[in-house]
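Protein chains in written order, with our numbering: chain A, 1 to 101; chain B, 1 to 168.
Because the hints were derived from the structure by calculation, they are not lab data.
Do not rely on the hints blindly, as some may be mistaken.
[Said to hold, decoys possible] Which stretches of chain A does chain B cover? Using the computed rule of at least three CB atoms under 8 angstroms from a CB of chain B, they are:
1. 15–23
2. 26–39
3. 42–49
4. 71–78
[To be verified] Partial pick of chain B residues on the chain A-facing surface, computed with a CB cut under 7 angstroms:
5. 15
6. 49
7. 106
8. 109
9. 163
Since the structure is predicted, the reported quantities are computational estimates derived from the model, not experimental observations.
Ideal Cβ placement from N, Cα and C applies to all residues, glycine included.
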Amino acid sequence: MIGLNHYLIISAALFSLGIMGVLTRKNAVNVLMGVELILNSANINLVAFSKYSAGNMSGQIFAIFVIVVAAAEAAVALAIVLSMYRIIKTVNLDRADTLKG
Amino acid sequence: MDNELLTRIVFYFFAAVTVGSAAVVVFARNLIRSAFALLFTFVGVAALYVFLGADFLAATQMVIYVGGILVLLLFGVMLTHKLYDLNLKAETFQFLPALVAVLGLFGILTTFMLRTRWHGGGQAESVPTTELIGELFMRDYILPFEAASILLLIALIGAAMIVRRRSE
Numbered sequence: 001m002i003g004l005n006h007y008l009i010i011s012a013a014l015f016s017l018g019i020m021g022v023l024t025r026k027n028a029v030n031v032l033m034g035v036e037l038i039l040n041s042a043n044i045n046l047v048a049f050s051k052y053s054a055g056n057m058s059g060q061i062f063a064i065f066v067i068v069v070a071a072a073e074a075a076v077a078l079a080i081v082l083s084m085y086r087i088i089k090t091v092n093l094d095r096a097d098t099l100k101g
Numbered sequence: 001m002d003n004e005l006l007t008r009i010v011f012y013f014f015a016a017v018t019v020g021s022a023a024v025v026v027f028a029r030n031l032i033r034s035a036f037a038l039l040f041t042f043v044g045v046a047a048l049y050v051f052l053g054a055d056f057l058a059a060t061q062m063v064i065y066v067g068g069i070l071v072l073l074l075f076g077v078m079l080t081h082k083l084y085d086l087n088l089k090a091e092t093f094q095f096l097p098a099l100v101a102v103l104g105l106f107g108i109l110t111t112f113m114l115r116t117r118w119h120g121g122g123q124a125e126s127v128p129t130t131e132l133i134g135e136l137f138m139r140d141y142i143l144p145f146e147a148a149s150i151l152l153l154i155a156l157i158g159a160a161m162i163v164r165r166r167s168e
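Bound-form chain B, shown alone (with noise of 0.2 angstroms):
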C-alpha cells in the first residue's frame, strides 16, 4: 500500500512536469527558454515510458529526442538570430481565439476518452520489451523497418542539400 502511495506521487509529479513545461514552452516570451523547458518535456514523456513499462522507448526517447532533436532545435534558435541579440521575444498572434479553440478542443478530447469504454486485454506485466522489439523489427516489421532507414537517409541528404552554400 505504502509503495502503491510513492507510485502515484512520482507519476503525479512527472505528469505535472510535462504539462507544466509543455505549457512553458507554448506561453514563455522567451526563445531560449522555449527550448529548455522542451527539455524538460522530453524527460517528462521519458519518466511516463517508463510507468508503462517501455524500457527501451524511454532510453530511445532521451536519445534522440533530448540528445537530437533539442540540440537541433537549439541550432536553429542561434543561427536565426544574431548571437548577442538579447531579446529573443518570441511574437505571438491571434492568441485569444486560439485560446479558446484549444480549451474547446481539450475538452472534447477529455470527455471522448472518459466515455468511451475501451475494452483492451487489461493491464500488461512490465517486461524487458528489447529483445520483443528487436525480434518484431527483424520478423514481422521487416518491410517498414528498411523504409523507415531510406527515409531517414533520404531526409537527412535532403536536408544537407537545402542548407549547403551554393558554390559562387
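Pulled out of the complex, with its shape left as it was, chain A reads as follows (with noise of 0.2 angstroms):
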C-alpha cells in the first residue's frame, strides 16, 4: 500500500532539488525555477497530511493559498527579473551588485 511516507519522502527530494537550483545557479530565471520547486514540494506534503489525517480539508486549503502566493510571487518575480535586464543588460545575479557599499 502506498503510505504517507512515500509522499513525504518524493516532497523531501523535490525541496532538496529546489535549494539545489537557488543555491547553484546564476540566471535569475534559473533560480525562479527552484523556488517553484520547493512551494511544489511543500504542497505535495500539505495535501498528504490532509489525506491521512482522515481527510482534514485544511490541508487542501492551505495548498491553495501556496498556489496564489506563488502564482503573486512569480509574476512579480518575472517583472524584477525584466526590468534588470533592461537596466543592467544581463540576468546574471552576481552582476547585480550595485547596492554593494
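Put the two chains together into one complex; each comes in its own frame, and the hints tell you how they fit.
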C-alpha cells in the first residue's frame, strides 16, 4: 500500500532539488524555477497530510493559498527580472551588485 | 490484488517522472530544457494530487502552474535573451559544496520523516473535494480568501507597474 512516507520522501527530494537550484544557478529565471520546486514540495506535504489525517481539508485549503502566493511571486519576480535586464543588460545575479557599499 | 499492483506501478511511474524531471530542471545546462522539464514536474505533481484524492487541486495545479506560471517563466527566459541566441547556457557555481549540503539536507529530512510516528486519523476515503473546498472558502476561510484575492490584485498591479516603460 502507498503510505504517507512515500509522499514525504518525494517531497523531500523535490525540496532538496529546489534548494540545489537556488544555490547553484546564476541565471535569475533559473533560480525562480528552483523556488517553484520548493513551493510544490511544500504543497505535496500539505495535501498528503490532509489525506492521511482522516480527510481534514485544511491542508488542501492551505495548498490553494500556497498556489495563489506562488502565482503572485512569479509575476512580481519576473517583472523585477525584466526590469533588471533592461537596466544592466543581463540576468546574471552576480552582476546585480550596484547596491554594494 | 491485481488492481493494487497496477496502482503501485502507476504511482512509482509518476513519482519517477516528478523527481527525475526536477533533477533535469536543476542540472540541465540549457535554460529552455530546464523550463520544459519543469512542465513534466508540474504534471507529475498534479498526478500525485490525484493519487491523494485532491481532484480540485490537481486541476488547479494544471491550470495555474502549467498554464500560467510555466508560460510566465518561458516568457522570462525568452525576453531576457536574444531571440536567436542558440547557447542559452546556464552557468553554475559552487556546485560541489551545494551538492554536499543538499544531500545532507535530504538525508536529515528523510531520516526524521521516517522516524517520526505521525498520528493522524488514518487514510481518508477519496470523495469529490470541489464542493467541500467551496463551502470552506465561503464559511471558515472567508477572511484569508478575501485577503488572498487582494494580495493577488496588488501583486499583478505592482508587476505591471514595475515593467511598464517610463514615458520619455
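Cross-check of the supplied hints:
1. 15–23: Holds, because 8 residues of the region 15–23 of chain A bring their Cβ atoms closer than 8 angstroms to Cβ atoms of chain B.
2. 26–39: Coverage by chain B holds here, the residue count being 10 at a Cβ distance below 8 angstroms.
3. 42–49: Result for this restraint: holds, n = 5.
4. 71–78: The restraint on the region 71–78 of chain A holds, since 7 of its residues have a Cβ under 8 angstroms from chain B and three suffice.
5. 15: holds (5 angstroms)
6. 49: Since chain A brings a Cβ to about 6 angstroms from residue 49 of chain B, closer than 7 angstroms, the hint holds.
7. 106: Hint on residue 106 of chain B: holds, closest Cβ of chain A at ~4 angstroms, below 7 angstroms.
8. 109: Where the cut-off is 7 angstroms and the nearest Cβ of chain A is about 4 angstroms from residue 109 of chain B, the hint holds.
9. 163: holds (5 angstroms)
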